[in-house]
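Each protein sequence line maps, in turn, to chains A and B. Residue 98 in my numbering sits at position 98 of the first sequence, with consecutive numbering throughout. Residue 120 in my numbering sits at position 120 of the second sequence, with consecutive numbering throughout.
No wet-lab data here; the hints were simulated from the structure. As the structure is a computational prediction, the values presented were derived from the model and not from experiment. Ideal Cβ positions, reconstructed from N, Cα and C, are used throughout, including at glycine. Warning: the hint list may mix true and false statements.
Said to hold, decoys possible - Here are a few chain A residues that face chain B, going by a calculated C-beta distance under 8 Å:
| hint | residue |
| --- | --- |
| 1 | Arg61 |
| 2 | Ala86 |
| 3 | Leu89 |
What the hints assert, rightly or not - Below 30 Å or equal to it, Euclidean Cα-Cα: the simulated DSSO-like pairs (lysine-lysine) are:
| hint | chain 1 | residue 1 | chain 2 | residue 2 |
| --- | --- | --- | --- | --- |
| 4 | B | Lys71 | A | Lys42 |
| 5 | A | Lys68 | B | Lys83 |
| 6 | B | Lys78 | A | Lys1 |
| 7 | B | Lys44 | A | Lys98 |
| 8 | A | Lys42 | B | Lys62 |
| 9 | A | Lys42 | B | Lys78 |
| 10 | B | Lys83 | A | Lys42 |
| 11 | B | Lys15 | A | Lys42 |
| 12 | B | Lys15 | B | Lys83 |
| 13 | B | Lys83 | A | Lys98 |
| 14 | B | Lys44 | A | Lys42 |
| 15 | B | Lys62 | A | Lys98 |
| 16 | B | Lys71 | A | Lys98 |
| 17 | B | Lys62 | B | Lys44 |
| 18 | B | Lys78 | A | Lys98 |
| 19 | B | Lys11 | A | Lys98 |
| 20 | A | Lys42 | B | Lys11 |
| 21 | B | Lys44 | B | Lys71 |
| 22 | B | Lys83 | B | Lys62 |
To be verified - Distance windows between CB atoms, simulated:
| hint | chain 1 | residue 1 | chain 2 | residue 2 | range |
| --- | --- | --- | --- | --- | --- |
| 23 | A | Thr96 | B | Gly40 | 35 to 43 Å |
| 24 | A | Gln110 | B | Arg9 | 40 to 48 Å |
| 25 | B | Lys62 | A | Thr96 | 14 to 22 Å |
| 26 | A | Thr45 | B | Gly28 | 18 to 26 Å |
| 27 | A | Glu17 | B | Lys71 | 48 to 56 Å |
| 28 | B | Glu85 | A | Thr96 | 24 to 32 Å |
| 29 | A | Ser12 | B | Val120 | 15 to 23 Å |
| 30 | B | Trp22 | A | Asp27 | 32 to 40 Å |
| 31 | B | Ser66 | A | Ser28 | 28 to 36 Å |
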Amino acid sequence: KQEVTQIPAALSVPEGENLVLNCSFTDSAIYNLQWFRQDPGKGLTSLLLIQSSQREQTSGRLNASLDKSSGRSTLYIAASQPGDSATYLCAPTGATNKLIFGTGTLLAVQP
Amino acid sequence: EAGVAQSPRYKIIEKRQSVAFWCNPISGHATLYWYQQILGQGPKLLIQFQNNGVVDDSQLPKDRFSAERLKGVDSTLKIQPAKLEDSAVYLCASSHLFLKTGTGGNYGYTFGSGTRLTVV
């Protein structure tokens with residue numbers, strides 16, 4: 001059974017800092033992994049999708065890496081801004097495209 | 001493109017009452033999902049449809065929850081009777097094709113804004 005852990009659970013940083021969010025999963029037989037952002041009271045916004053054959057994906061100030069063999073993914077946010085404040089969720093998918101979510105990292109970027 | 005539409009946005013009901021949620025996925029998305037997100041937790045898959053067939057409903061409490069996707073487009077999720085522990089946000093999502101081999105295609109999900117259910 002796939003289990004997903006995200007560290008840290010919460011993070012508060014001053015504006016402008018680079019930061020790393022960590023995600024680990026127990027079953028390395030995944031097809032891809034997605035990172036999502038969730039704002040309070042809102043649905044989930046897909047940030048990055050990494051196919052199992054890829055090592056990383058980049059979108060603007062975001063870079064996500066994937067190491068399937070070790071069961072880890074990291075989300076790197078460069079030059080953080082107050083607008084980045086949200087909960088970040090990672091979710092690997094298996095053969096049926098079912099997402100298994102961690103409990104997320106609550107990020108607060110202080111102006 | 002239009003997003004995933006869900007209604008209602010909020011619902012408050014008493015325990016033992018029934019409630020229904022509606023979802024309209026992105027046009028052309030064959031796969032539709034219902035997730036339950038309890039406060040402080042990540043979303044958990046309740047049921048997954050491929051067109052109008054069920055792919056996975058292993059975590060759906062079938063004694064009280066039911067879902068259908070008529071004509072492979074819109075879907076409804078029903079709870080009858082509701083319990084206090086059903087208080088959560090119910091998220092609908094859709095995605096492009098799902099391939100058993102897991103090769104090729106775009107598996108990216110699009111989520112709706114969710115329905116916040118409070119059972120009192």
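Status of each hint after checking the structure:
Interface hint at Arg61/A: violated, since its Cβ lies 20 Å from the closest Cβ of chain B, which is beyond the 8 Å cut-off. Annotation: Ala86/A was flagged as interfacial toward chain B, and the flag is violated, the nearest CB pair being 14 Å apart, outside 8 Å. At a threshold of 8 Å, the smallest CB-CB gap from Leu89/A to chain B is about 6 Å, leaving the interface hint in force. With a CA separation close to 28 Å, the supplied pair Lys71/B and Lys42/A stays within the 30 Å bound.
Annotation: proposed proximity of Lys68/A to Lys83/B is violated, straight-line Cα distance about 39 Å (limit 30 Å). Annotation: proposed proximity of Lys78/B to Lys1/A holds, straight-line Cα distance about 27 Å (limit 30 Å). For the proposed pair Lys44/B and Lys98/A, the alpha carbon gap of about 10 Å is at most 30 Å, so the pair holds. The suggested pairing of Lys42/A with Lys62/B holds, with an alpha-carbon distance near 27 Å, which does not exceed 30 Å.
With a CA separation close to 21 Å, the supplied pair Lys42/A and Lys78/B stays within the 30 Å bound. The suggested pairing of Lys83/B with Lys42/A holds, with an alpha-carbon distance near 23 Å, which does not exceed 30 Å. Of the pairs offered as hints, the one joining Lys15/B and Lys42/A holds, with about 25 Å between alpha carbons and a cut-off of 30 Å not exceeded. Distance restraint check for Lys15/B and Lys83/B: the Cα-Cα separation of roughly 5 Å lies within the 30 Å cut-off, and the hinted pair is therefore satisfied.
With a C-alpha separation of about 26 Å, the suggested pairing of Lys83/B with Lys98/A holds against the 30 Å cut-off. For the given pair, Lys44/B sits about 16 Å from Lys42/A by alpha-carbon distance, which is consistent with the 30 Å threshold. Distance restraint check for Lys62/B and Lys98/A: the Cα-Cα separation of roughly 19 Å lies within the 30 Å cut-off, and the hinted pair is therefore satisfied. A threshold of 30 Å between alpha carbons decides the hint, and for Lys71/B with Lys98/A the separation of about 22 Å falls inside it, so the pair holds.
Proposed proximity of Lys62/B and Lys44/B is supported: the alpha carbons are some 15 Å apart, at most 30 Å. Pair hint Lys78/B plus Lys98/A holds up; C-alpha atoms about 21 Å apart against a cutoff of 30 Å. For a cut-off of 30 Å, the pair hint linking Lys11/B to Lys98/A stands: about 27 Å separates their Cα positions. Restraint check for Lys42/A and Lys11/B: satisfied, since their Cα atoms lie roughly 15 Å apart, inside the 30 Å limit.
A distance of roughly 25 Å separates the Cα atoms of Lys44/B and Lys71/B; the hinted pair therefore holds under the 30 Å criterion. A hinted pair counts as satisfied when its Cα atoms are at most 30 Å apart, and Lys83/B with Lys62/B qualifies at roughly 13 Å. Here the CB-CB span from Thr96/A to Gly40/B is close to 26 Å, at odds with the stated 35 to 43 Å. Roughly 30 Å separates the CB atoms of Gln110/A and Arg9/B, a value that falls outside the hinted 40 to 48 Å.
As the Cβ distance of Lys62/B to Thr96/A is approximately 18 Å, the hint placing it in 14 to 22 Å holds. Separated by about 20 Å at the C-beta atoms, Thr45/A and Gly28/B satisfy the suggested range of 18 to 26 Å. The hinted window of 48 to 56 Å between Glu17/A and Lys71/B holds, with their beta carbons roughly 50 Å apart. For Glu85/B and Thr96/A, the Cβ-Cβ distance of about 26 Å falls inside the hinted range of 24 to 32 Å, so the restraint holds.
The hint said 15 to 23 Å for the Cβ distance between Ser12/A and Val120/B, and at roughly 34 Å that hint is violated. A hinted range of 32 to 40 Å for the beta carbons of Trp22/B and Asp27/A is consistent with their spacing of about 34 Å. The supplied range of 28 to 36 Å is met by Ser66/B and Ser28/A, whose beta-carbon atoms lie about 35 Å from each other.
Of the numbered hints given earlier, the model fails hints 1, 2, 5, 23, 24 and 29; all others are met.
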